[in-house]
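Trainee: Here is how the chains run, residue by residue.
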Amino acid sequence: MNDQAAAKPAITPEPAITPEIVAEHGLTPDEYQRVLTILGRAPNLTELGIFSVMWSEHCSYKSSRRWLKRLPTTGAVVIQGPGENAGVIDIGDGQACVFKIESHNHPSFIEPYQGAATGVGGIMRDVFTMGARPIANLNALRFGAPEDPRTRHLLAGVVAGIGGYGNCMGVPTVGGETNFHPAYNGNILVNAMTVGLADKDRIFYAKAAGVGNPVIYVGAKTGRDGIHGATMASAEFRDDSEEKRPTVQVGDPFTEKLLLEACLELMATDAIVAIQDMGAAGLTSSSVEMSSKGGLGIELDLDLVPMRETGMTPYEIMLSESQERMLMVIRPEARESARAIFEKWELDFAEIGRLTDSGLLVLKAGGRIAAELPVAPLVEQAPVYDRPTEPTAPARPLRSESVRAIEPIAALEKLLGSPDLASKRWIWEQYDHLIMGETVIRPGGDAALVRIPGKAKGLAMTTDCTPRYCFADPKLGGAQAVAESWRNLTAVGARPLAITDNMNFGNPERPEIMGQFAGCIEGMREACLALDYPVVSGNVSFYNETNGKGILPTPVVGGVGVIDDVDKAISIAFKAAGEAILVFGATIGHLGCSIYLRELLGREEGAPPPVDLAAERRNGDFIRGLIAAGRLSACHDLSDGGLLVALAEMALAGGIGAEIALPANLAPHAFCFGEDQGRYLATMPTEAVEAVLAEAKLAGVPARFLGRTGGLALTVAAGNTISLTKLAAVHETFLPRLMAG
Amino acid sequence: MQAAVVVFPGSNREQDVAKALGAVMGHAPHMVWHRDSEIPKVDLIVVPGGFSYGDYLRCGAIAAHSPAMREIMERAKAGIAVLGICNGFQILTEAGLLPGVLLRNACLTFVCRNVGLKVESSQSLFTNGYAAGQTLSIPVAHHDGNYFADDATLDRLEEKGQIAFRYCAGDGTLAEEANPNGSARSIAGVFNETKNVLGLMPHPENAVLPLQGSVDGQPLFRGMVEALS
Numbered sequence: 001m002n003d004q005a006a007a008k009p010a011i012t013p014e015p016a017i018t019p020e021i022v023a024e025h026g027l028t029p030d031e032y033q034r035v036l037t038i039l040g041r042a043p044n045l046t047e048l049g050i051f052s053v054m055w056s057e058h059c060s061y062k063s064s065r066r067w068l069k070r071l072p073t074t075g076a077v078v079i080q081g082p083g084e085n086a087g088v089i090d091i092g093d094g095q096a097c098v099f100k101i102e103s104h105n106h107p108s109f110i111e112p113y114q115g116a117a118t119g120v121g122g123i124m125r126d127v128f129t130m131g132a133r134p135i136a137n138l139n140a141l142r143f144g145a146p147e148d149p150r151t152r153h154l155l156a157g158v159v160a161g162i163g164g165y166g167n168c169m170g171v172p173t174v175g176g177e178t179n180f181h182p183a184y185n186g187n188i189l190v191n192a193m194t195v196g197l198a199d200k201d202r203i204f205y206a207k208a209a210g211v212g213n214p215v216i217y218v219g220a221k222t223g224r225d226g227i228h229g230a231t232m233a234s235a236e237f238r239d240d241s242e243e244k245r246p247t248v249q250v251g252d253p254f255t256e257k258l259l260l261e262a263c264l265e266l267m268a269t270d271a272i273v274a275i276q277d278m279g280a281a282g283l284t285s286s287s288v289e290m291s292s293k294g295g296l297g298i299e300l301d302l303d304l305v306p307m308r309e310t311g312m313t314p315y316e317i318m319l320s321e322s323q324e325r326m327l328m329v330i331r332p333e334a335r336e337s338a339r340a341i342f343e344k345w346e347l348d349f350a351e352i353g354r355l356t357d358s359g360l361l362v363l364k365a366g367g368r369i370a371a372e373l374p375v376a377p378l379v380e381q382a383p384v385y386d387r388p389t390e391p392t393a394p395a396r397p398l399r400s401e402s403v404r405a406i407e408p409i410a411a412l413e414k415l416l417g418s419p420d421l422a423s424k425r426w427i428w429e430q431y432d433h434l435i436m437g438e439t440v441i442r443p444g445g446d447a448a449l450v451r452i453p454g455k456a457k458g459l460a461m462t463t464d465c466t467p468r469y470c471f472a473d474p475k476l477g478g479a480q481a482v483a484e485s486w487r488n489l490t491a492v493g494a495r496p497l498a499i500t501d502n503m504n505f506g507n508p509e510r511p512e513i514m515g516q517f518a519g520c521i522e523g524m525r526e527a528c529l530a531l532d533y534p535v536v537s538g539n540v541s542f543y544n545e546t547n548g549k550g551i552l553p554t555p556v557v558g559g560v561g562v563i564d565d566v567d568k569a570i571s572i573a574f575k576a577a578g579e580a581i582l583v584f585g586a587t588i589g590h591l592g593c594s595i596y597l598r599e600l601l602g603r604e605e606g607a608p609p610p611v612d613l614a615a616e617r618r619n620g621d622f623i624r625g626l627i628a629a630g631r632l633s634a635c636h637d638l639s640d641g642g643l644l645v646a647l648a649e650m651a652l653a654g655g656i657g658a659e660i661a662l663p664a665n666l667a668p669h670a671f672c673f674g675e676d677q678g679r680y681l682a683t684m685p686t687e688a689v690e691a692v693l694a695e696a697k698l699a700g701v702p703a704r705f706l707g708r709t710g711g712l713a714l715t716v717a718a719g720n721t722i723s724l725t726k727l728a729a730v731h732e733t734f735l736p737r738l739m740a741g
Numbered sequence: 742m743q744a745a746v747v748v749f750p751g752s753n754r755e756q757d758v759a760k761a762l763g764a765v766m767g768h769a770p771h772m773v774w775h776r777d778s779e780i781p782k783v784d785l786i787v788v789p790g791g792f793s794y795g796d797y798l799r800c801g802a803i804a805a806h807s808p809a810m811r812e813i814m815e816r817a818k819a820g821i822a823v824l825g826i827c828n829g830f831q832i833l834t835e836a837g838l839l840p841g842v843l844l845r846n847a848c849l850t851f852v853c854r855n856v857g858l859k860v861e862s863s864q865s866l867f868t869n870g871y872a873a874g875q876t877l878s879i880p881v882a883h884h885d886g887n888y889f890a891d892d893a894t895l896d897r898l899e900e901k902g903q904i905a906f907r908y909c910a911g912d913g914t915l916a917e918e919a920n921p922n923g924s925a926r927s928i929a930g931v932f933n934e935t936k937n938v939l940g941l942m943p944h945p946e947n948a949v950l951p952l953q954g955s956v957d958g959q960p961l962f963r964g965m966v967e968a969l970s
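Those protein sequences? They're chains F and W, same order as listed.
The numbering used here puts the first sequence at residues 1 to 741.
The numbering used here puts the second sequence at residues 742 to 970.
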């Protein structure tokens, strides 16, 4: 091997590649053999580094690719599916919505503030790289048990980091979800989603074109931070993960705000041929992806890269994950006008190379060639694995008679104060959710709603996943995550359009983990197809394990929908006393995998509630029709905790109580806390009830009158009552108390 | 009436205030980039919210020394109306145009929510659209809004009617729970002595449309435009 390397004296000499160095770079002996075959010689260290990040799980999707192909990614509204920086859908009026979700799990566990902040920064960059102005952020967070000694520190840091970055960028953080479970004690999940708005005919892509065109580096300078972030994200944690702290990047939202404004200003001209943000694997992946998509070569002079520190080697420059940087190919004649824009915003603007027709990535440094690699094989011959899968054993159905009955009001009081159901106000009040002035439905409801500036229409958005369902039955859990997001969008009156997914799983080299992954994908596929709800972007995060213990399978679904007139949208809050409360969808009282079972009886068992996609669609379409016709005053999807929890949330949001009756044919605890899917609670004027019930019957949608709004208490079956004041106290206390220690 | 909104690197509510103001004026205000020492001849200058220069030093400290600020101080002295919102309020205190300083919130975290706001004085070109004692619902969104000044300064501000707004409960009473950031004497906004400069932490520009959940910010913009037209 060394003899072959010596035959290419132009390459900067670097230490010989030993099997240890190969292993440290996360490449298997087989993968290294593949490198040797492609090159016909041994790589130098810089080249090995480039292969290692490009072929890391994070960048190459080598374990997931085969399965991701199963997801439906096309549809009438899809302009750009997975494979670009973000997905793009048509929202009418010549406008497009650009959105994506991405994980920053490993860095956030090591350094919660910076890990979460740069996660938010990275996903916003993905969206504005495509020419879209970010108009909303969301997130999906999973922490360990509240009593785990690390949870408080991690939660405080993550929330401050998300707020610190998003607030400074001036993009409202409008929604999200937060769960707690011991399975995340050693591996928290921080998934950040950005939704952007662009003109349909002004979308920017990464595909390079035009031999000789200049390659421009803009944004922040390159330092040694984040080297090997992508490979870190592709390995399990061990007890020494603290030592990986130097691989966590440091965010600078101020610079990113300038970069956003400068990029959008440049994008209003026709200077840009291709653009790609420097995210994971920094300069390496951005240069390789742009040239590979254009079928071209690229030549970079690393001496021209703006640097924050001296003495950085080509290896370090190529693998740095310093934030707030972009790589662009521009038309040569636009050089000076482009430079002027970046100078106005006081950002670096450096011409560091050009496109070639060689098909090679050539890196020069100090007058020598630091690396020379063929671009196409680097991308196309990346390993793809068909990892062995072991399907999850079917969950044993729960015998309903084995579930102890607790009086509904007493149970409700406990549930509303439990970690997953307690109010998350402590979190979202730290996010500026009102900036831009278009937030119509704020955090705390089913879906957030943001108006499109200058229009009547708005975009509804939500993130959803129920990991305990996915663990018990991956396929059903995958379908449920998709269905719940579709339902949440529907509940505010929006038409669900498309999703982005964030697949968070354990070590894919373990067959049972791949079984979970494959199962979730299958379920998501079925739900996406049944609901005409394609996947347009996504991210896979494997190796969420510490010392061999994996997280619950957590395929987070970020859904986006549109409503033609935001004035027609409704929230979960009760609006007036004396209105009728109806439940739509069939209530069977399914308690398997329920929060009731887990929080009150300490049992995590049983099969999750079935997902009937045909019923889901039928019920949702019916509800959306009622909302569009202005016939409902409030609506809430039923999910975690079941009917009585949803009713309490509606009452608390509106400051108006309610009284409902219990049915005779179902045990009270099953009726109140069963988590049957495809259901909604809604209110309407009393005189409308008869007609709505008749129409529901015609449409084949189960519907039933429950009771009425009014008063300042929640009453279940006459006499059994609790005041809203007391409920609110329980609901609002959990997080502030936890965080105050 | 003509207005200018001064944009610093890191400003981020400049569009929000420009829209709110433009809707009342009937035309858009001038957007002035911070490096321009030349601000057009206007009746009102707005220093908007955001994180000028990242607020990596003290909030507003760097912006207070920009060329645009020197010009704004000249204009303020000449009697031109100057409105600073949130980061703008911080900048105006840093520049010495308004008394007091804004410290980190007492809760130590960023706070975004609608708060109760009591109008302390309607006797100004900014607040003439309100009645004194009126209670408003306006959002706050800040990390450093904890108004502080020594007791002598606070006494003087009260004496001279320089307190514009105070945080209050829904019924207008002052209470610790209704004070989102620990501000001294619940102060949310103050005037300079001649009352041609107002700084406030809450965001009236995000409470001008029904879809925003409150329109209580509207009279501020309407009142200003009426007074300055």
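The hints are simulated quantities; they were obtained by calculation from the structure and are not laboratory data.
Owing to the predicted nature of the structure, the values given are computational and were not obtained by experimental measurement.
It cannot be assumed that every hint is accurate.
[Claimed, not checked] Per the computed footprint, the stretches of chain W lying under chain F, defined by three or more beta-carbons under 8 Å from a beta-carbon of chain F, are:
hint, region
1, 793-802
2, 819-826
3, 837-843
4, 852-858
5, 886-899
Where a beta carbon is used, it is the ideal one built from N, C-alpha and C, also for glycine.
Trainee: All hints are to be evaluated individually against the structure, with a verdict given for each.
Mentor: Each hint tested on the structure:
1. 793-802: holds (count 4)
2. 819-826: violated (count 0)
3. 837-843: Since three or more residues must qualify, the claim that chain F covers the region 837-843 of chain W is violated, with 0 doing so at under 8 Å.
4. 852-858: holds (count 3)
5. 886-899: violated (count 0)
Checked against the numbered hints given earlier, the structure breaks hints 2, 3 and 5 and satisfies all the rest.
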